[in-house]
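There are 2 protein chains.
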Amino acid sequence: MSENILGTDQVCQVGLVVRDIGKALDAYCTLLGIPCPPVVITDAYEKAQTMYRGQPSLAQAKLAFIDLGQVQIELIEPIGAPSTWKDGLDEKGYSVHRIAFKVKDTPQVVEKLTQQGMPPIQQGQYTGGMYTYIDSAKKLGVILELLENF
Amino acid sequence: MSENILGTDQVCQVGLVVRDIGKALDAYCTLLGIPCPPVVITDAYEKAQTMYRGQPSLAQAKLAFIDLGQVQIELIEPIGAPSTWKDGLDEKGYSVHRIAFKVKDTPQVVEKLTQQGMPPIQQGQYTGGMYTYIDSAKKLGVILELLENF
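Chains E and H, in that order, give the protein sequences.
The first sequence stops at residue 1081 when you use the numbering used here, and every number in between is there.
The second sequence stops at residue 1081 when you use the numbering used here, and every number in between is there.
The shape of chain E in the complex, shown without the other chains (with noise of 0.2 Å):
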């Protein structure tokens, strides 16, 4: 058996990009039958530095997260700059964007990846930690999202 280069096989959280991340919001939590969670718009630029296809980029989202146990449901629906949320949405429309696993170090992860044909698409970070998502989607039929607290 060879090595797992996630490090993990446990999926934490499965993401979809939405056009109206309420009306979503709402049905989900109708269907579980739960109280809504917040919406949460993610940080700007100086604090979450986010890199898209190598650039800096002013991308945001508006988020909402609902807990299913081991699973997280994370809505996110695109605000202002080019990001893989909005080719998402763009290409596919409302629809699960990726698969989440957390990792321990973010950097060996991307580098075997990339040795795989799967190099980093978009990098951010947020109060805690960082997330990468992996150009995965021609390989694995979904972005992969290293999520790394620290």
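Keep in mind that the hints are not guaranteed to be accurate.
If several chains are the same, the list does not tell them apart, and a pair holds so long as it fits within one copy or across any two.
[Said to hold, decoys possible] Below, simulated DMTMM-like cross-link-like pairs (lysine to aspartate or glutamate); rule was C-alpha separation at most 25 Å, straight line:
1. Lys954 <-> Asp1066
2. Lys978 <-> Asp1036
3. Lys954 <-> Glu1042
4. Lys978 <-> Glu1079
5. Lys954 <-> Glu1022
6. Lys1069 <-> Asp1036
7. Lys1033 <-> Asp957
8. Lys1069 <-> Asp998
9. Lys1033 <-> Asp974
10. Lys1035 <-> Glu1079
11. Lys1023 <-> Asp1066
12. Lys1033 <-> Glu1005
13. Lys1069 <-> Asp1021
14. Lys1069 <-> Glu1005
15. Lys993 <-> Glu1005
16. Lys1017 <-> Asp951
Derived from the structure by calculation, the hints contain no laboratory data.
Knowing the structure of chain E, use the given hints to seat chain H on it.
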């Protein structure tokens, strides 16, 4: 707090439709450092009793299952007659087609979902259980799958 229509909040599967299951399976197994699980073919109509958009369907698919803790990744390559699998592939290419939940009383859950504007779109049987796909992509961005094991 209102009722959870599904009776569960545990995502048990993420299903992707693929054009080439061998290639996709290889990419996932390389990523995770695991031996490739077998590819199986869904039962023929006599056993599966597949219904698609209210009509009996000869649709079949090649399937492979990758266990990732609570969540199983299911890869589906449609073969044969029209199906939601083929629709998904035609519309969005290799992509996440649905998320699945285990339910206890399919007819009751289907009735409640239908009342919410999310009727069933495809249903079939397998050894030990049945699956129902729900036409939820407009509201939830993804097809819901109800799995009931008897």
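Status of each hint after checking the structure:
| no. | hint | in the structure |
| --- | --- | --- |
| 1 | Lys954 <-> Asp1066 | between (28 Å within a copy, 17 Å between copies) |
| 2 | Lys978 <-> Asp1036 | within (21 Å within a copy, 48 Å between copies) |
| 3 | Lys954 <-> Glu1042 | between (38 Å within a copy, 22 Å between copies) |
| 4 | Lys978 <-> Glu1079 | within (16 Å within a copy, 46 Å between copies) |
| 5 | Lys954 <-> Glu1022 | both (20 Å within a copy, 23 Å between copies) |
| 6 | Lys1069 <-> Asp1036 | within (24 Å within a copy, 37 Å between copies) |
| 7 | Lys1033 <-> Asp957 | between (27 Å within a copy, 22 Å between copies) |
| 8 | Lys1069 <-> Asp998 | between (28 Å within a copy, 21 Å between copies) |
| 9 | Lys1033 <-> Asp974 | within (20 Å within a copy, 36 Å between copies) |
| 10 | Lys1035 <-> Glu1079 | within (6 Å within a copy, 36 Å between copies) |
| 11 | Lys1023 <-> Asp1066 | both (16 Å within a copy, 17 Å between copies) |
| 12 | Lys1033 <-> Glu1005 | both (15 Å within a copy, 21 Å between copies) |
| 13 | Lys1069 <-> Asp1021 | both (17 Å within a copy, 15 Å between copies) |
| 14 | Lys1069 <-> Glu1005 | both (22 Å within a copy, 17 Å between copies) |
| 15 | Lys993 <-> Glu1005 | within (10 Å within a copy, 29 Å between copies) |
| 16 | Lys1017 <-> Asp951 | within (13 Å within a copy, 27 Å between copies) |
Of the hints listed earlier, there is not a single one the structure fails to meet.
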